[in-house]
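Protein chains: 2
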Amino acid sequence: MFDFQYYAPTRVVFGKEAEMQVGDLVKMYGGNRVLVHFGGQSAIRSGLLDRVKESLDAAGIFHVELGGVVPNPHLGKVREGVQLSKEHGVDFILAVGGGSVIDSAKAIAYALADPENDVWELFAHTRNAKGCLPLASVLTIAAAGSEMSNSCVITNELTGEKRAYDDDLSRPKFAIMNPQLTATLPDYQTQSGCVDIMMHTMERYFTNGGNMELTDELAEGLLRTVIKYAKVLHEDPENYEARAEIMWASSLAHNGLTGCGNDGGDFASHLLEHEMGGMFDVTHGAGLAAVWPSWARYVYKEDLHRFVRYAEKVMGVVREDQMTDEDMALAGIAAMEDFYHSIDMPVNMSELGIHPTEEQILEMAASCARAVGGCIGSAKVLHEEDMIKIYKMAL
Amino acid sequence: MFDFQYYAPTRVVFGKEAEMQVGDLVKMYGGNRVLVHFGGQSAIRSGLLDRVKESLDAAGIFHVELGGVVPNPHLGKVREGVQLSKEHGVDFILAVGGGSVIDSAKAIAYALADPENDVWELFAHTRNAKGCLPLASVLTIAAAGSEMSNSCVITNELTGEKRAYDDDLSRPKFAIMNPQLTATLPDYQTQSGCVDIMMHTMERYFTNGGNMELTDELAEGLLRTVIKYAKVLHEDPENYEARAEIMWASSLAHNGLTGCGNDGGDFASHLLEHEMGGMFDVTHGAGLAAVWPSWARYVYKEDLHRFVRYAEKVMGVVREDQMTDEDMALAGIAAMEDFYHSIDMPVNMSELGIHPTEEQILEMAASCARAVGGCIGSAKVLHEEDMIKIYKMAL
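Sequences listed follow chains U and A, in order. Last residue of the first sequence? That's 1019 in the working numbering, and every number before it is there in order. Last residue of the second sequence? That's 1019 in the working numbering, and every number before it is there in order.
Certain hints may be false.
Note that identical chains are pooled: a pair holds if it fits in a single copy or bridges any two copies.
Mimicking DSS-like on lysine-lysine, the simulated pairs with C-alpha atoms at most 30 angstroms apart in a straight line are [what the hints assert, rightly or not]: (1) Lys852 / Lys677; (2) Lys754 / Lys640; (3) Lys1004 / Lys640; (4) Lys1004 / Lys710; (5) Lys852 / Lys925.
In short, the hints are calculated from the structure, not lab data. Because the structure is a prediction, the values reported are computed rather than measured.
Starting from the given sequences, assemble the full structure and let the hints guide the process.
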């Protein structure tokens, strides 16, 4: 067991029509001039943006808006938000959307708190943030967990680099979670979200250092819940209870709770996928599903007992006569692939619809190794040559 | 499933020698003049108080101290702390101790933020708090969960009334949790703590309204963990890993996490025990163990499926042929009693060592009914006559 800090100060307001409280909440946290940041047309078409603006108006809060955030959000949009916020004296950033919009909002908030320096330096890891404007979200996609996390991932569209920056300064003040807002999401997005949610906890579960029984119990319970309700939503996408289970799981999977007492997590699958996302612009969760089984088969021998425990407690694999620990671990990975297939998620890059060349694989591995300073992983430490092997296994 | 808010902003600093960071943490949260509040001699004898003061000195923070907080902390000590704090211009309250000390610190912090009004009015529920000075803790007993909760229980020693006040204003800024600090606790205190920890989650689990699968999974995992490590500590009290599991469980059991999506919880067992604590000054957790089995047998038919689920998932009761749901529920309650006995906890008031007279039972029930405005409970709503019956069952 490792020492740890746990810090998740975000106030969660969860339930039907919760977005109607947004004006009062911004006011409670001292916001007077708000940048309303969002993605595409769906927030407009659904009427959500209007409801948010009405609530802000009712609370007497000035607001200016900026849409157009794309998945794998771009640095250029961040710079646009910074410029607009400066022009209007914005003091609070409100993200209306999913992880991409919240991540873009976090980057804008960092930039506004330190206007002297280029915000990309945070993502290039050449300096740490000095501050961050207060920010919050009205969540519309359950996946990234950015609504409670200290993480933020931005893509520099000029260089193709997709980089993360983690800092508690960017923990959002509040998160409004109305599961109804996710009910119209296409199944592919919903299921990609479920994969991402699980992976945030699996990255913390498969570590080769110490662990805590309580953390493992919480992680396993969360994973079983997501598996159960991902399948429900695949059949019945408007099921409110299932939407609610998945939405709350998205926050708890990535707010630090499921990592207490471990060594910070593995996160190799995430970093491997980041390169795929940077090069091919794939949906993040689907990309994770395409790489995880190969990662798992590459590393499981280093962390055999946890893969056995995972098979038993999460995937429900029952040990039959003569099954070795290795058989159990592999059966757990296969069961995970079966689950991915059951919700129409890929288990390799070919099923994901991307076919990187040998050269592109070498480039992704080199970029990944560069981004992490040589090696990644806890379950097994991976160097550039390991990354190449995993990408090839995942073709 | 009910709508909910979740808000647990306390920064947890968990691990060996974590108390050495207290000075820096107080500074981070803006404290300049600190009241160090503690209980008996053990914090002095163990050297903990000296280490805390050294850390405050090193950070250049003024401090004044007040010890002598007793279990079921007294209003008189709160008033003493308020007076002392006013004399020294205190702006931050640091509790060094367990739930009683933290609760006393919360009451002092409420009083200092509103010096015009009597703080007991909060506990008498005649008004709400306007503010609360920042407070934090160095935790030495895993039990009450007060280190992350919004709850606070004070006893008016002049009237014998023991009353709770809940308000997010009193959520502590940080909690320093070094499991080593609990290693010398007598077994009776340790096990009473384990009972209390479980009960904070059980109060939220046995509700008759909606529920959330994710919350149930987290609750069940937490309860299994406490059962496992309470037994370990009964045999091996200095086991660091077990102390750590129990300590972290104490916070998560009462910070709101295990109640998300339910109707706020039952809390009848707690309120019934509060009257026993007010009249007889029993150890809180042991008092809960003495009343819960009787409460459970009185209410289980109203909430049968949850009692069956509890028996299966928490107590590990296996359904044998011909066992009805009622048999399962009762087997779960009996298994809980076996667990209490295995850690030398009582299952009724006689084993607890108190023998209230008929008159005293009527007085406790009347006081409880008065305190809650007539009735309590969610699993089953209890009126004064129900409380009398449960107290008599628990003799």
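Right, here's what the structure says about each hint:
1. Neither within a single protomer nor between protomers do Lys852 and Lys677 lie at most 30 angstroms apart by alpha-carbon distance, with minima of 36 angstroms and 51 angstroms respectively.
2. For a Cα distance limit of 30 angstroms, the shortest separation of Lys754 from Lys640 across copies, 29 angstroms, qualifies, whereas the shortest one inside one copy, 37 angstroms, does not.
3. Within a single copy, Lys1004 and Lys640 get their C-alpha atoms only as close as 43 angstroms, which misses the 30 angstroms cut-off; across copies the closest is 27 angstroms, which meets it.
4. Taking CA atoms no more than 30 angstroms apart as the test, Lys1004 paired with Lys710 passes in neither setting, with 45 angstroms inside one copy and 56 angstroms between copies.
5. For the identical chains of this complex, Lys852 and Lys925 are neighbours both inside a copy (28 angstroms) and across copies (28 angstroms), given an alpha-carbon limit of 30 angstroms.
The earlier numbered hints that this structure contradicts are 1, 4.
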